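Heads up: the protein sequence lines correspond to chains A and F, in order.
Each residue of the first sequence is one higher than the one before, counting from 0 in numbering that gives the first Met the number 0.
Each residue of the second sequence is one higher than the one before, counting from 0 in numbering that gives the first Met the number 0.
Don't take each hint at face value.
[Said to hold, decoys possible] Stretches of chain F that chain A covers, calculated by requiring three or more beta carbons in the stretch to come under 8 Å of a beta carbon on chain A: (1) 5-19; (2) 35-44; (3) 47-56; (4) 86-95; (5) 99-112.
[Stated by the list, open to error] Result set (EDC-like, lysine to aspartate or glutamate): computed pairs, CA atoms no more than 16 Å apart in a straight line: (6) LYS86/A - GLU56/A; (7) LYS31/F - GLU115/A; (8) LYS580/A - ASP113/A; (9) LYS514/A - ASP72/F; (10) LYS236/A - GLU112/A; (11) LYS386/A - ASP293/A; (12) LYS116/A - GLU6/F; (13) LYS177/A - GLU325/A; (14) LYS177/A - ASP324/A; (15) LYS450/A - GLU466/A; (16) LYS239/A - ASP178/A; (17) LYS116/A - ASP4/F; (18) LYS355/A - ASP383/A; (19) LYS274/A - ASP293/A; (20) LYS304/A - GLU330/A; (21) LYS31/F - GLU112/A; (22) LYS31/F - ASP113/A; (23) LYS583/A - GLU615/A.
[Unchecked claim] Now the in silico label distances, taken between C-beta atoms and shown as ranges: (24) GLU585/A - VAL151/F: 32 to 40 Å; (25) GLY89/A - LYS31/F: 34 to 42 Å; (26) GLN147/F - GLY92/A: 39 to 47 Å; (27) GLN95/F - ILE601/A: 16 to 24 Å; (28) GLU7/A - ARG29/F: 34 to 42 Å; (29) GLY84/F - GLU615/A: 51 to 59 Å; (30) GLY137/F - ALA35/A: 29 to 37 Å; (31) ARG29/F - ASP578/A: 35 to 43 Å; (32) GLU7/A - LYS31/F: 38 to 46 Å; (33) GLN95/F - ASN402/A: 49 to 57 Å.
Simulated from the structure, these hints should not be mistaken for lab results.
All figures in this text were calculated on a predicted structure; none of them were measured in a lab.
A virtual CB, placed ideally from N, CA and C, is assigned to each residue, including glycine.
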Amino acid sequence: MAESTNGEPRIGVYVCDCGTNIAGKVDVPSVVEFAATLPHVAVAREYKYMCSDPGQELIQKDIKEQGIDRVVVAACSPTMHEPTFRKAVGDAGLNQFLFQMANIREHDSWVTEDPEKATEKAKHIIDAAVHRVVFQAPLEPIEVPMNSDVLIVGGGIAGIEASLKLADAGHKVYLVEKDPSIGGHMAQFDKTFPTLDCSACILTPKMSAVGKHPNIELLTYSEVTEVDGYVGNFKVKVNKKARYVDIDKCTGCTLCTEQCVVAKVPNEFNEGLDKRRAAYIPFPQAVPLKATIDPSRCLYLTKGKCKQTCVAACGPEAIDFEQKDEEVEIEVGAIIISTGYEMFDNEKIDRYGYGKLPDVITSLEFERISNASGPTGGEILCKDGSKPRSVAILHCVGSRDENYNEHCSRVCCMYSLKFSHLIKEHLPETEVYQCYIDMRCFGKGYEEFYKRLMNEGVVFIRGRAAEVTAASKEQAGSEGKLLVTVEDTLLGVVRHLPVDMVVLSSALEAQPDAKEVAQMFGFGCSSAGFYIERHPKLEPVGTVTDGIFIAGCCQGPKDIPDTVAQAGAAAAGALALVDNKTVKIEPTISYIDPEKCSGCHICVGLCPHNAIQYNEELDAAQVIEAACKGCGVCVSACGSGVPVQRGFTDDQIFAEIEGALA
Amino acid sequence: MSANDFEPRIVGFLCRWCSYNGADLAGTSRMKYPPNLIPIKTNCSGRVDPTHIMKAFAEGADGVLISGCHPGDCHYINGNWRTAGRFPMMEILLEQLNIDPRRLRLEWVSAAEGDKWAHVVTEFVEQIRELGPLNWQGQFHNEYEEEQQEAVTA
Chain A
0 MAESTNGEPR
10 IGVYVCDCGT
20 NIAGKVDVPS
30 VVEFAATLPH
40 VAVAREYKYM
50 CSDPGQELIQ
60 KDIKEQGIDR
70 VVVAACSPTM
80 HEPTFRKAVG
90 DAGLNQFLFQ
100 MANIREHDSW
110 VTEDPEKATE
120 KAKHIIDAAV
130 HRVVFQAPLE
140 PIEVPMNSDV
150 LIVGGGIAGI
160 EASLKLADAG
170 HKVYLVEKDP
180 SIGGHMAQFD
190 KTFPTLDCSA
200 CILTPKMSAV
210 GKHPNIELLT
220 YSEVTEVDGY
230 VGNFKVKVNK
240 KARYVDIDKC
250 TGCTLCTEQC
260 VVAKVPNEFN
270 EGLDKRRAAY
280 IPFPQAVPLK
290 ATIDPSRCLY
300 LTKGKCKQTC
310 VAACGPEAID
320 FEQKDEEVEI
330 EVGAIIISTG
340 YEMFDNEKID
350 RYGYGKLPDV
360 ITSLEFERIS
370 NASGPTGGEI
380 LCKDGSKPRS
390 VAILHCVGSR
400 DENYNEHCSR
410 VCCMYSLKFS
420 HLIKEHLPET
430 EVYQCYIDMR
440 CFGKGYEEFY
450 KRLMNEGVVF
460 IRGRAAEVTA
470 ASKEQAGSEG
480 KLLVTVEDTL
490 LGVVRHLPVD
500 MVVLSSALEA
510 QPDAKEVAQM
520 FGFGCSSAGF
530 YIERHPKLEP
540 VGTVTDGIFI
550 AGCCQGPKDI
560 PDTVAQAGAA
570 AAGALALVDN
580 KTVKIEPTIS
590 YIDPEKCSGC
600 HICVGLCPHN
610 AIQYNEELDA
620 AQVIEAACKG
630 CGVCVSACGS
640 GVPVQRGFTD
650 DQIFAEIEGA
660 LA
Chain F
0 MSANDFEPRI
10 VGFLCRWCSY
20 NGADLAGTSR
30 MKYPPNLIPI
40 KTNCSGRVDP
50 THIMKAFAEG
60 ADGVLISGCH
70 PGDCHYINGN
80 WRTAGRFPMM
90 EILLEQLNID
100 PRRLRLEWVS
110 AAEGDKWAHV
120 VTEFVEQIRE
130 LGPLNWQGQF
140 HNEYEEEQQE
150 AVTA
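Based on the provided sequences and hints, a complete structural model is requested.
Here is the structure:
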């Protein structure tokens, strides 16, 4: 080990056992012994948990007492603990960029079968880091002003909750919703499990609070089209779709919706169970309570010919067929994505007969028919208007099924129980069957609710339903009924249940455009399309992009309490950022020496962020520091090797390659 | 050295937004793959300079992998397209330098594709194993010596 400095770097290498996560596979003492032999390494140590306070103090003590001026920590992924160690190094008086992390957990001990090979790989990874750190130079994070406004994308219960929290804290919130009203799926529900609160009664006060809040700017019938910038300074373009109604003039009186001559548009809010007009307000509690003219169905907008009864009916002259889509540009410091979910397309499972057998309905359709504001006024009725004397509820339709979705949608067991209760409440004589795989009653009060339903006369049959068919004439006593074939796996018999109605408890799926949205905001989504959190346990609402948070079902299926909790967490995460006046960003940006630059312009055109300008006076390219994001494209494109990316210089990368292959 | 005991040495350049996180996910999910690739993190795959690739071969790498975000997913809008654009040029360069272009591979691995990362590394290690050791510097050296020899004997 090096004894004296003489201007030579003195590197400290700290290898973490991570309990047994690393030490269980990698022979840490031999790695430490190896590290100690590397050039410029003055200290090499092993510790059980480097990230713990004593672990960090170990490094700090060496910096102060042993004159360590470069630090390598071989532990987990930098995504996990780079900030921890940078801070520790900085607190000990060393520039935090004189630190390099060697990832020997995610990239080695967890993925390598053979302990000897894992140990070898750890040595190479550490060697690369030690070589690199020699060439690292002190850097200072760039401090930029923080925009204190927040954008929230998606106006379901998650977006509503997060908006209110942030707006109450005094921050300006832009809430963007693609539909004409906020409310999301929760606005469609009848009751909520297990407390049986009326969904609208608990949601609509929050919706109206959003509509009235002085700090919330509501952008409904709008979609985000472009996102640029970084934490603290995002620039977002929003397309406000033309609704052909001036919402400043519209009073929500519904006269236009009553007078519109196009009457047969399937009503999305009631899951297509009844019709709306082309001029419509989605539901009576809509926020904003403003009319929208459906451009795909309006006669005037599609054919250019209509007597425009809506215009005649509108007192305040709010209808404006000349309205165009409008692009709005907003600037915010943080973003919360709460774009929700979509229901599984039940027609994909042919054998359940959805779409062919009229009384096979989806769970959302059931929500609407049991809801007093729904198409049947809250009466649970078959399509022919009769009251069902027996109902089968089929669980896991499109969930827990490798043909469709592997995941459990989490809420279906509980809403199925809720449906059973509602049926028993409305129609006490009606038989209710639940065909389930397992009952997953995981939340507070949920198991108790299940117990309660067992005492309400509901029949529970353990087994996934095989098929639903129309009973044939030969099946005496079952004429006109639906036959549910299911194996009762507890009794070991196949049963054929004649019922009047079948409710399919369908899966929750990611939004169809989830991938494009994730791409636009710069984070990942799983193969099922659910957004990936920064850390599944400890940062469940963060994303890999600083300043962008996720909440609600866009991250994965969840119930309302969990959604609201996540929305609060996302709001707190955003608040912790936008409450600051400035934000520090990585200084890994490019620099072009005007003395060396020949002014050939190659980098100018290649820069993805237009951060390089040609300076005529200097006859050289110049990096606009505030616009440079640090991709390094200019560095690798320059024929003369003039641009330098701080923190990723050629010297550093060359040294890392040498170390990796040493 | 027989093909069986040849352990390929591979350098992987991973962009920090997609592929590095994808490799992390493979780790978090405890997927297993061969240990022959040493990862080097760059902000963007667009930062990977042809000289980095040549440096790796010169330092004794048998293969080089560049892995970035899927086209359209780049954190820097289109940095990965720059890499993709340079790639055919790199292949020609490698051929001219007597290096089988199959020793250089470009992949798109997203932050969600831990399984793809494990698969890519496994497959690439196998491919390099089949191609055998490169020993490019040694080869270069031998050629130089041969030339010298020829010059002397001529």
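The hints, checked one at a time:
no. : hint                            : verdict
1   : 5-19                            : holds (count 5)
2   : 35-44                           : holds (count 7)
3   : 47-56                           : holds (count 7)
4   : 86-95                           : violated (count 0)
5   : 99-112                          : holds (count 3)
6   : LYS86/A - GLU56/A               : 12 Å, holds
7   : LYS31/F - GLU115/A              : 15 Å, holds
8   : LYS580/A - ASP113/A             : 50 Å, violated
9   : LYS514/A - ASP72/F              : 10 Å, holds
10  : LYS236/A - GLU112/A             : 48 Å, violated
11  : LYS386/A - ASP293/A             : 34 Å, violated
12  : LYS116/A - GLU6/F               : 11 Å, holds
13  : LYS177/A - GLU325/A             : 14 Å, holds
14  : LYS177/A - ASP324/A             : 13 Å, holds
15  : LYS450/A - GLU466/A             : 28 Å, violated
16  : LYS239/A - ASP178/A             : 11 Å, holds
17  : LYS116/A - ASP4/F               : 13 Å, holds
18  : LYS355/A - ASP383/A             : 15 Å, holds
19  : LYS274/A - ASP293/A             : 13 Å, holds
20  : LYS304/A - GLU330/A             : 41 Å, violated
21  : LYS31/F - GLU112/A              : 6 Å, holds
22  : LYS31/F - ASP113/A              : 10 Å, holds
23  : LYS583/A - GLU615/A             : 32 Å, violated
24  : GLU585/A - VAL151/F: 32 to 40 Å : 56 Å, violated
25  : GLY89/A - LYS31/F: 34 to 42 Å   : 37 Å, holds
26  : GLN147/F - GLY92/A: 39 to 47 Å  : 55 Å, violated
27  : GLN95/F - ILE601/A: 16 to 24 Å  : 22 Å, holds
28  : GLU7/A - ARG29/F: 34 to 42 Å    : 41 Å, holds
29  : GLY84/F - GLU615/A: 51 to 59 Å  : 28 Å, violated
30  : GLY137/F - ALA35/A: 29 to 37 Å  : 30 Å, holds
31  : ARG29/F - ASP578/A: 35 to 43 Å  : 38 Å, holds
32  : GLU7/A - LYS31/F: 38 to 46 Å    : 40 Å, holds
33  : GLN95/F - ASN402/A: 49 to 57 Å  : 50 Å, holds
In summary, the numbered hints that this structure violates are 4, 8, 10, 11, 15, 20, 23, 24, 26, 29.
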